[in-house]
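Trainee: Please construct the entire structure, taking both the sequences and the accompanying hints into account.
These are the residues of each chain, in order.
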Amino acid sequence: MNNHSLTSEIHETLLRMEGISKSFPGVQALSNCQFELRAGEVHALVGENGAGKSTLMKILGGIYHKDAGHIYLEGHEVEIPNPRMAQHLGISIVHQELNLMPHLTAAQNIFIGREPRAKIPFVVDDKTTVQQAERLFEMLNLKLDPNTKVADLTVAKQQMVEIAKALSFNAKILVMDEPTAALTEAEIEELFSVIKQLREKGVGIIHISHRLEELKLISDRVTVMRDGKYIDTKSIHNLTIDQIISMMVGRTIYETAPELPEDPNQDVILEVRNLNRGKAIRDVSFTLKKGEILGFSGLIGAGRTEVARAIFGADGFDSGEIYIKGRKVDIKTPGDAVGNGLGYLSEDRKRYGLTLGMDVKENVAMAAMKKFLGWLGWVDFKKATSRGQEMVKALNIKTPNLEQKVRFLSGGNQQKVVIGKWLTADTDILIFDEPTRGIDVGAKSEIYKLLNDLAHQGKSIIMISSELPEILRMSHRVIVMCEGRVTGVLNAGEATQESIMKFATMRSEAVLAAAQ
Amino acid sequence: MKSETKTVQTLFRSDAMQRVMAFGALIVLAVGFSLASPYFRTFDNFVGILLATAVNGVLGLGVTFVIITAGIDLSVGTVLTFSAVMTGVFITNMGLPIPLGILGGVLSGALAGLINGVVISRMKIPPFIATLGMLYATKGLSLVISELKPIYFNDTPAFREMAMGSVLGKVIPGFEIPNAVLIMFGAAIIAHLILSRTILGRYTFALGSNEEATRLSGVNVAGWKTAVYTLCGLFSGMGGVLMASRLNSAQPALGAGYELDAIAAVVIGGTSLSGGEGSILGTIIGAFIISVLTNGLRILSVPQEWQMVVTGSIVVLAVFLDILRRRR
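Residue numbers (this note's numbering), protein chains in the order written: chain A, 94 to 609; chain B, 12 to 339.
What the hints contain is simulated information worked out from the structure, not anything from laboratory work.
Keep in mind it's a predicted model, so treat the numbers as computed, not measured.
Worth double-checking, as some hints may not be accurate.
[As the list claims (entries may be wrong)] With a cut-off of at most 30 Å between alpha-carbon atoms, the simulated DSBU-like pairs for lysine-lysine come out as follows:
1) A:250 to A:220
2) A:250 to A:595
3) A:443 to A:486
4) A:498 to B:135
5) B:160 to A:443
6) A:236 to A:372
[Unchecked claim] Just a few of them, taken from the derived set where beta-carbon distance is under 8 Å, the chain A residues facing chain B:
7) 156
8) 158
9) 176
10) 177
11) 182
12) 192
13) 194
14) 195
15) 196
16) 205
17) 206
18) 208
19) 215
20) 217
21) 582
22) 583
Where is the CB? At the ideal position from N, CA and C, for every residue including glycine.
Mentor: Set out below in structure tokens:
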């Protein structure tokens, strides 16, 4: 409270965004959003994945162009056509996905685009570059050699380089998109002390994070977004975490999600024992039952996708065993995996799941071409067409016809085509990696219903998801990973946002201590 | 103990390692050929190797920049031809003073590079296609402008002196190393300074390392990419002038295929085709490996066809070693 009254004395409005709308093909990402930031405040921006937080900030950073709306900086309306203009206006963004040049050194990365120059034209003053970087690191209390190549740094240190870079602009507004996702406790504390310093200097800080406890510690106000819409802005000190969550989740589409199928029977269909690969996968074991939806939760980089790809034979692994229906299998390539009844639906369906330039029926037939081959390797298009029709009907794929190129379908319908492809290949075990990423809200519930139907039909499903409500709603059991390890297995009844987050942030030391 | 193995590993994985390995390979080749043939180790042959490397080395300099940005330039060979022909037009046909003719030749190359750069960065044509187009266009233009005939520099003997004379021989009698070789080393030093010290060099690496991040940092990506291709064209232009001076003529049919030697030199020198890594020193070593190999195999009477097979294998082997180095 005292902290709050202190900052509320500084009333100056730094930034106002009004009526911001933005659409991408097939998705209305933002509609009529507003946002306000005062000088010297830490303003939390929260919402579920896909709520539009990052999109709103990318508009502020000049990366996306708004379709409608106004941006006022210190009372004057501004246009931000490109990142350079944003920098010029004193807006710095630390992006969720790191935006560094791995082959350059930390110092070179920080000053890219505005290198200190020597007296000779075009020549870079490397000495000053390094010195200035050193000064920044000192300010951040960071032990880091500015001459280290970024590729040789840990993800956490890379993140700190990004923050140092953002700070070096003498930013008036600093946006941090999930800055703590990859940081250790100690590093988070360091970061928070820097944030406090900046706040005292009158910098406005926009902080996007899923860790609500953390936000309550550091923030003054919170703005909640949901489904691309502005919900409310409140002083965070008057809110409980539950209240924030209910604002985030709201009416939500999860209410329309169907009930889970009956408890699956106990037949274990897939068992993974002691899977290891370098630091990415450490001693991972789990079982998957027939008709079960097994949720995989964890923070970004916890190793969930790595496990899925290893099981699917996409990347290989150092040691470990995989049993399918009790029989040990040797999966070295995705082809082996498909042969054993496994299907993998990548989080990036456009890159790994579909051939966008081909039509619906061709995509559906893709993983099971053998079935459609006739005499001399001729493709039996009649058969493929009838199978395509079946899938369109069964999965309710909205397409004008089977000859429609998949590129032109919406995200939700593209996802259904991928599902149809694996069903055609007689897959028993389906691994969904972020099944609803980039899919608009309406189509999400259809995908959920489809997952349920598949489980009812006896298919076994591994569902990797970063959306906690999705995990909670859709899984029979939840496996939580952190730093390549399985840190927790929860039954549907026990799993809550809190219990999952606890395991998802469980550090290796804690795991080791618990094991002893 | 453990940290020691780690240091060794780090050292092995470092970029410098590829250059050390390439240099080692060059020494092994040179020693091997010297033992196999007494003629290989004569001074005349040594000069021959240097001279044979000059043009390819200069071409490789520009290609190094382009490949570090994760691009490719297939047109350097025929841009070289085009520049040589233009030099002939300026000096022989138009009778311009030699320095002006040389400048015109080099700038013709730079102009071709500029067009490459604009087509790639503004029209968003992939570098492979854009420079393939330039390859055909300059090949054709060279033939059109020269009317299919070589242009000789018989009236201007000073032009030939530029590459084939020996300033060094005048200073140190008997040490008759042609100027072309000095020009190559001079150009290499300048290219090295540009790559390591200037803003253009910094952005060359940045573009190849993460183009999107570079753009988001507010760097004018299109502009600097154009500059890189222009610089590559400029070095091709220099190569063309050197070639014309060395042959005392502009040969409109010579030059196609040189781009492959240049790319091979760059790749053997450890510049990564996926961008972000590379060095001028590596490229020069790579260019020397190719000429030593060609020269040595010829002296050992290996037929020319087999020389190509060996060169091809060396390129693939060099890249394979590089992949091994990066693994894990």
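Trainee: It remains to establish, for every hint, whether it holds in the given structure.
Mentor: Hint check:
Note on residue 250 of chain A and residue 220 of chain A: the hinted pairing holds, with a Cα-Cα distance of about 22 Å set against a maximum of 30 Å. Taken as a hint, the residue 250 of chain A and residue 595 of chain A pair is honoured in the structure, with Cα atoms around 23 Å apart against an allowance of 30 Å. As the CA atoms of residue 443 of chain A and residue 486 of chain A are separated by approximately 22 Å, the hinted pair is consistent with the 30 Å bound. Straight-line distance between C-alpha atoms of residue 498 of chain A and residue 135 of chain B comes to about 24 Å, which keeps the hinted pair within the 30 Å bound.
Distance check on the hinted pair: residue 160 of chain B and residue 443 of chain A sit about 53 Å apart at the alpha-carbon level, beyond 30 Å; violated. Distance restraint check for residue 236 of chain A and residue 372 of chain A: the Cα-Cα separation of roughly 23 Å lies within the 30 Å cut-off, and the hinted pair is therefore satisfied. Evaluation of the residue 156 of chain A hint against chain B yields a held restraint, the C-beta minimum of about 7 Å falling below 8 Å. The interface hint given for residue 158 of chain A is broken, as the beta carbon of that residue sits about 14 Å from the closest beta carbon of chain B, more than 8 Å.
Here the hint on residue 176 of chain A is kept, as its CB sits about 5 Å from the closest CB of chain B, short of 8 Å. Interface hint status for residue 177 of chain A: upheld, as the beta-carbon distance to the closest one in chain B is roughly 4 Å, under 8 Å. Annotation: interface hint on residue 182 of chain A violated; nearest CB of chain B at approximately 12 Å, more than 8 Å. Look at residue 192 of chain A: its Cβ gets to within about 4 Å of chain B, closer than 8 Å, so that hint holds up.
A distance limit of 8 Å between C-beta atoms decides the matter here; for residue 194 of chain A the minimum to chain B is near 4 Å, and the interface restraint holds. The closest approach between the C-beta of residue 195 of chain A and any C-beta of chain B is roughly 6 Å, which is under the 8 Å cut-off, so the hint is satisfied. This hint holds: residue 196 of chain A has a C-beta 4 Å from the nearest C-beta of chain B, less than the 8 Å allowed. Interface restraint check for residue 205 of chain A: the shortest CB-CB distance to chain B comes to about 5 Å, inside 8 Å, so the restraint holds.
Nearest Cβ of chain B to the Cβ of residue 206 of chain A: about 4 Å, under the 8 Å cut. The hint holds. The closest approach between the C-beta of residue 208 of chain A and any C-beta of chain B is roughly 6 Å, which is under the 8 Å cut-off, so the hint is satisfied. At a threshold of 8 Å, the smallest CB-CB gap from residue 215 of chain A to chain B is about 5 Å, leaving the interface hint in force. Look at residue 217 of chain A: its Cβ gets to within about 6 Å of chain B, closer than 8 Å, so that hint holds up.
Look at residue 582 of chain A: its Cβ only gets to about 31 Å from chain B, farther than 8 Å, so that hint breaks. Interface restraint check: residue 583 of chain A against chain B, minimum CB-CB distance 35 Å, threshold 8 Å, status violated.
Hints 5, 8, 11, 21 and 22, counting from the list given before, are not met by this structure.
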